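Colleague: Below are the chains, spelled out letter by letter.
There are 4 protein chains.
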Amino acid sequence: MPGNTIGLLFQITTWGESHGPATGAVIDGCPPGIELSETDIQADLDRRRPGTLPSASTRSETDRVQILSGVFEGKTTGTPISLLIPNRDARSDAYDDLRNLFRPGHGDFTYQAKYGIRDHRGGGRASGRETAGRVAAGAVARKVIARAGITVEAWTRELGGVAIRRFLPGAAQASPLRCPDPEAEQEMAARLEAARAAGDTIGGIVEILVEGCPPGLGDPVFGKIDADFASALMGLGTVKGVEIGAGFAAARMSGSACNDPIGPAGFQTNHAGGILAGITSGAPIVIRAACKPIASIACPQETIDVHGRPAVVTVGGRHDVSVIPRIIPVCEAMVAIVLADHLMRQKAIRS
Amino acid sequence: MPGNTIGLLFQITTWGESHGPATGAVIDGCPPGIELSETDIQADLDRRRPGTLPSASTRSETDRVQILSGVFEGKTTGTPISLLIPNRDARSDAYDDLRNLFRPGHGDFTYQAKYGIRDHRGGGRASGRETAGRVAAGAVARKVIARAGITVEAWTRELGGVAIRRFLPGAAQASPLRCPDPEAEQEMAARLEAARAAGDTIGGIVEILVEGCPPGLGDPVFGKIDADFASALMGLGTVKGVEIGAGFAAARMSGSACNDPIGPAGFQTNHAGGILAGITSGAPIVIRAACKPIASIACPQETIDVHGRPAVVTVGGRHDVSVIPRIIPVCEAMVAIVLADHLMRQKAIRS
Amino acid sequence: MPGNTIGLLFQITTWGESHGPATGAVIDGCPPGIELSETDIQADLDRRRPGTLPSASTRSETDRVQILSGVFEGKTTGTPISLLIPNRDARSDAYDDLRNLFRPGHGDFTYQAKYGIRDHRGGGRASGRETAGRVAAGAVARKVIARAGITVEAWTRELGGVAIRRFLPGAAQASPLRCPDPEAEQEMAARLEAARAAGDTIGGIVEILVEGCPPGLGDPVFGKIDADFASALMGLGTVKGVEIGAGFAAARMSGSACNDPIGPAGFQTNHAGGILAGITSGAPIVIRAACKPIASIACPQETIDVHGRPAVVTVGGRHDVSVIPRIIPVCEAMVAIVLADHLMRQKAIRS
Amino acid sequence: MPGNTIGLLFQITTWGESHGPATGAVIDGCPPGIELSETDIQADLDRRRPGTLPSASTRSETDRVQILSGVFEGKTTGTPISLLIPNRDARSDAYDDLRNLFRPGHGDFTYQAKYGIRDHRGGGRASGRETAGRVAAGAVARKVIARAGITVEAWTRELGGVAIRRFLPGAAQASPLRCPDPEAEQEMAARLEAARAAGDTIGGIVEILVEGCPPGLGDPVFGKIDADFASALMGLGTVKGVEIGAGFAAARMSGSACNDPIGPAGFQTNHAGGILAGITSGAPIVIRAACKPIASIACPQETIDVHGRPAVVTVGGRHDVSVIPRIIPVCEAMVAIVLADHLMRQKAIRS
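Protein chains in written order, with the working numbering: chain A, 1 to 351; chain B, 1 to 351; chain C, 1 to 351; chain D, 1 to 351.
Among the hints, erroneous ones may be present.
Pairs count within a copy or across copies, as identical chains cannot be separated in the list.
[What the hints assert, rightly or not] Pairs of lysine-lysine, DSSO-like flavour, derived with a Cα cap of 30 Å:
# : residue 1 : residue 2
1 : Lys347    : Lys143
2 : Lys143    : Lys75
3 : Lys75     : Lys347
Don't read these hints as lab results, they were simulated from the structure. Note that the structure is a prediction, hence the values are computed from the model and not measured.
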């Protein structure tokens with residue numbers, strides 16, 4: 001797997017650049033007999049769409065997914081599902097000035113170093129647009145895990161330094177910032193607005209909850225399911241940290257405080273975040289991903305050009321102020337993909 | 001890769017249980033012509049050995065590695081290198097009481113749920129002993145990356161809530177706790193002693209630094225090198241969080257503060273931790289891993305037995321008070337293995 | 001790799017059904033900087049097109065490939081290359097009678113047994129149309145290996161029981177049946193015509209020659225390059241046998257006759273077919289693939305329906321009389337793909 | 001998978017050289033709860049042992065397998081099974097003359113070309129001894145498939161040009177040459193004796209029969225089960241050709257003769273050899289592997305040394321006259337390993 005494929009049995013390959021004709025994904029290994037339509041997938045894609053929020057880009061990404069294979073008369077057949085999402089409204093000219101410059105915080109420099117060539121338009125392969133294919137594939141993964149009663153939901157836990165103080169069930173879904181704490185959300189929105197006004201961007205933390213997951217998913221020792229979650233999320237360009245359960249806070253706990261006592265009704269606390277020794281315990285799975293601020297800022301920045309000469313770059317174009325909340329369905333998709341894969345792996349050994 | 005193998009080109013498979021006859025690793029894909037002896041590997045294994053520290057188990061693990069294949073007249077041949085480390089001094093009887101109990105914080109419950117059978121002795125496959133094979137393989141990986149001028153070094157950044165305040169070059173290597181700040185180390189030692197006295201354990205944070213890494217290692221989009229680091233470290237049972245560069249702190253930064261300006265001499269700051277868009281930038285790579293407190297504590301804990309009945313478990317035996325500092329060479333090994341793999345992957349496309 | 005992906009470093013995933021909207025392939029791992037256009041690929045696709053031969057189907061397959069990603073300003077960028085070939089002229093109605101019947105010699109029965117569902121139209125995923133994606137990907141593989149001076153060429157060695165008696169250099173390319181022996185070709189054409197008149201089909205043998213391959217490609221022991229050639233060719237539905245060098249004839253030779261003596265100028269004979277212990281020797285690589293007769297015949301055949309009841313099936317539609325010569329560019333593509341992969345694998349360990 | 005690993009879910013990695021301290025295999029992915037002892041494995045290893053036949057080497061290979069992990073109280077636990085077979089009676093001195101010579105028909109030249117270094121003693125990694133690990137792993141695979149009612153049996157179909165004329169059930173197992181036709185066996189034995197007297201060797205054909213295999217195993221399109229069989233068998237250094245069902249003869253048949261009619265009781269003929277479109281049909285699976293004569297012959301042969309200078313080599317040592325019948329349990333092992341893998345893959349999607 002040279003790098004654009006994830007999964008052992010439920011396997012996703014994405015392809016596509018920001019300003020090419022299309023992006024897409026191939027899902028190989030999807031079990032047969034699952035009802036699947038473009039509408040099912042579109043719903044998740046729409047959640048990734050820029051809205052009318054202060055955080056949003058004004059690029060109009062009305063992504064329309066096409067299913068090109070693997071579905072017959074409304075059901076998956078077991079053969080590869082090819083998903084295609086045409087790129088629209090890509091104004092490549094806006095990137096002409098960037099052809100020979102490396103934008104700080106972006107992959108421009110590293111792609112050039114790696115390949116000796118790069119599609120500079122809109123970040124090319126490193127663009128957030130690549131995640132459209134992930135979300136589309138994740139919608140299929142959700143269907144696979146739903147059959148086992150597993151759900152995945154994510155929300156904004158922190159944005160621009162503002163953390164949620166409480167969790168109001170159902171609030172995140174209805175909220176523009178996918179925030180389960182309405183008061184915190186107001187502060188977050190203010191931070192977003194301030195950053196936009198300053199031509200700047202802000203980061204945040206996404207929290208992901210998996211419910212209904214049976215115990216036993218995950219493989220020792222390099223196929224631990226938390227290792228796969230970490231890889232799937234750190235595989236998003238924006239993510240700089242991942243933690244499970246108590247996470248970094250566990251490093252400051254004593255064993256007697258951190259261990260989750262077990263009773264006949266299950267685990268009495270959940271510092272483990274639903275995973276022990278890399279295998280799900282049946283408790284809810286809790287994952288957090290730290291997202292850096294978007295690198296494209298309107299302020300002038302010091303950089304170099306492809307010849308190593310100093311330069312100043314100002315990134316124009318239409319950019320979001322934060323990856324949150326648009327990254328949320330992407331995080332859900334990645335977690336669902338990992339779960340679908342491990343669900344099938346477990347069936348292989350225990351059914 | 002069902003779960004006990006890591007890497008695409010430089011590939012490690014480990015095997016072995018805590019109280020079986022031996023543990024080991026097979027390295028497949030090691031380039032030919034590298035000088036390699038058991039002594040080379042032994043040095044790293046010895047760093048993993050319990051010492052005379054307050055943190056240490058009294059189990060005598062004088063691991064002696066044997067090279068069974070892949071080396072001829074002192075040099076690697078390109079064929080699989082089989083490493084075997086006999087288990088010694090394994091007192092299985094001490095675990096008889098635990099046969100039917102699930103120790104909180106351990107993989108007992110999840111292994112039973114996954115497989116319907118488990119080797120309860122000393123944690124079986126989920127034991128820290130499995131990491132001996134990783135360290136042995138990591139010693140070979142170090143040799144591979146050393147040819148490209150890459151070094152990996154890790155140290156204790158935090159232990160029992162005590163964080164380092166300064167970094168004294170060279171201090172960590174000479175220090176019993178692998179701590180680069182002698183004053184902080186004294187406080188850490190006190191925390192360890194207090195925990196031991198209470199029959200308790202403590203966690204901490206390991207920091208890993210990679211120097212000399214060329215730009216261009218890492219593959220878009222699911223083979224990002226930071227995703228692979230995250231997976232390799234989260235694949236240690238003790239690790240509950242991983243971050244790169246500014247990590248979780250990046251979530252609280254603005255884009256203008258977080259972006260690393262680029263000058264003719266290179267990156268002027270390193271919030272990215274040496275990785276942009278999943279590809280190394282040539283700047284030093286900085287990774288941190290949060291380690292939970294060891295689950296085996298001497299205090300009585302609530303649990304259930306294999307029949308679901310409530311029980312109280314007290315874990316006897318000889319256990320460490322913290323995985324730190326013994327986990328440090330393991331973290332180094334995992335990072336070196338990922339680097340060796342990506343170094344070879346890059347050679348495949350650009351040489 | 002659940003089944004629709006081949007290769008470790010130069011990796012091809014194909015997708016698509018005979019009567020879906022399109023078929024295609026994703027190439028992951030292609031080195032950057034290779035000039036590539038749709039025209040380059042189209043040339044190979046055209047060689048797979050039905051011609052005006054007695055062997056040809058009358059379905060009009062003017063396959064037009066589109067490059068959707070991975071190429072920028074005429075050069076590969078190192079990111080996945082997505083190739084799409086729209087399906088045209090697919091008359092699904094012709095297959096309505098076959099919805100509930102299993103055609104003998106086809107995958108109808110086995111797909112139904114495997115998945116419990118199948119796209120019966122035109123053979124679905126098991127159709128020869130799937131090979132369009134392989135040929136398109138193979139065209140890219142050829143470009144990769146051409147940089148190392150490696151060429152792949154295949155021809156008809158046997159058709160309908162008529163074997164070539166001599167090899168006229170250059171004749172195969174110019175010949176409608178890709179036959180290097182003009183006299184034999186006349187007999188082959190007569191067999192084809194007789195079979196068509198009888199509503200029947202015939203099989204044959206393709207021979208593939210690789211020239212310019214450096215020694216050293218192939219990995220012990222399960223990654224032997226001849227094992228990969230065998231897998232790649234047996235992975236064509238039509239192929240029932242594969243042999244390398246002397247092949248089955250080697251089973252009837254003595255060691256003293258079969259061993260190829262080595263002189264300062266190289267191997268003096270080539271019974272090994274250019275491969276020793278699974279690794280290329282530098283001698284020309286010779287492979288043969290036995291193709292069964294096409295299963296779709298106009299004669300009535302005994303079968304059962306999906307309920308297990310006896311039935312008689314007569315396969316209408318427009319079908320070829322033999323997979324030869326259309327399978328020839330497909331065989332070349334598969335061999336080129338394996339070579340590209342191993343060329344890159346060798347670079348990873350020796351550069 | 002750099003080359004020494006086979007399988008996706010039931011995964012085998014072998015390691016070891018002919019004259020190193022040991023050879024072995026790691027089985028990853030074996031389902032838990034299967035009764036397994038060293039005795040189970042030893043039985044298959046003993047069938048690979050040189051006997052008192054005219055074909056046999058006089059090297060005393062009393063291979064004794066040790067299970068080092070993955071089995072607890074007599075049952076598999078689901079964790080990796082490490083198998084170790086110490087090398088005994090390895091007279092390396094006998095190979096001193098060969099250090100700088102390339103034996104015709106052997107991998108000496110290609111290993112040197114690939115790696116620039118090689119363990120010349122006894123063929124190193126390319127030795128037939130490597131197959132001991134395969135046979136040991138195959139014994140475990142047999143246990144896995146036996147639970148599904150699948151059996152694998154192989155026999156000598158042809159030796160030194162003598163083919164069997166009839167099949168006497170049960171005769172092969174009792175026969176020294178694993179030949180199901182006692183008359184043919186006498187002729188085969190005479191050919192062996194003649195070859196031995198001449199210091200020469202002979203080849204032959206092994207036939208493998210799989211019974212009890214359910215329909216539905218195998219994955220389109222590159223994971224076809226016949227492609228995997230072909231790869232697994234061609235991955236034996238001695239095998240130069242593989243065919244399924246009618247095999248090469250299918251190339252000379254018409255479609256009306258080759259297609260297997262289907263009736264309510266199943267397939268009425270079996271030219272397909274139990275596989276259609278790469279998926280098992282439920283009919284018996286029939287595979288043949290063509291084995292070349294052993295390359296080590298006592299006659300002088302032309303060759304070159306590592307400096308490219310002409311030389312004459314005479315291979316001393318103790319060598320078999322044919323790989324048959326010792327290769328037979330190896331062929332069975334490889335087929336069983338592929339079946340175990342696909343059985344698990346099918347469970348993942350349909351259970």
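Colleague: Are the CA atoms of Lys143 and Lys75 at most 30 Å apart within a copy, between copies, both, or neither?
Modeller: within (12 Å within a copy, 36 Å between copies)
Colleague: Please sort Lys347 with Lys143 into within, between, both or neither, judging by C-alpha distance up to 30 Å.
Modeller: both (16 Å within a copy, 19 Å between copies)
Colleague: For Lys75 vs Lys347, is the C-alpha pair at or below 30 Å within one copy, between two copies, both, or neither?
Modeller: both (21 Å within a copy, 20 Å between copies)
The structure shown violates none of the earlier numbered hints.
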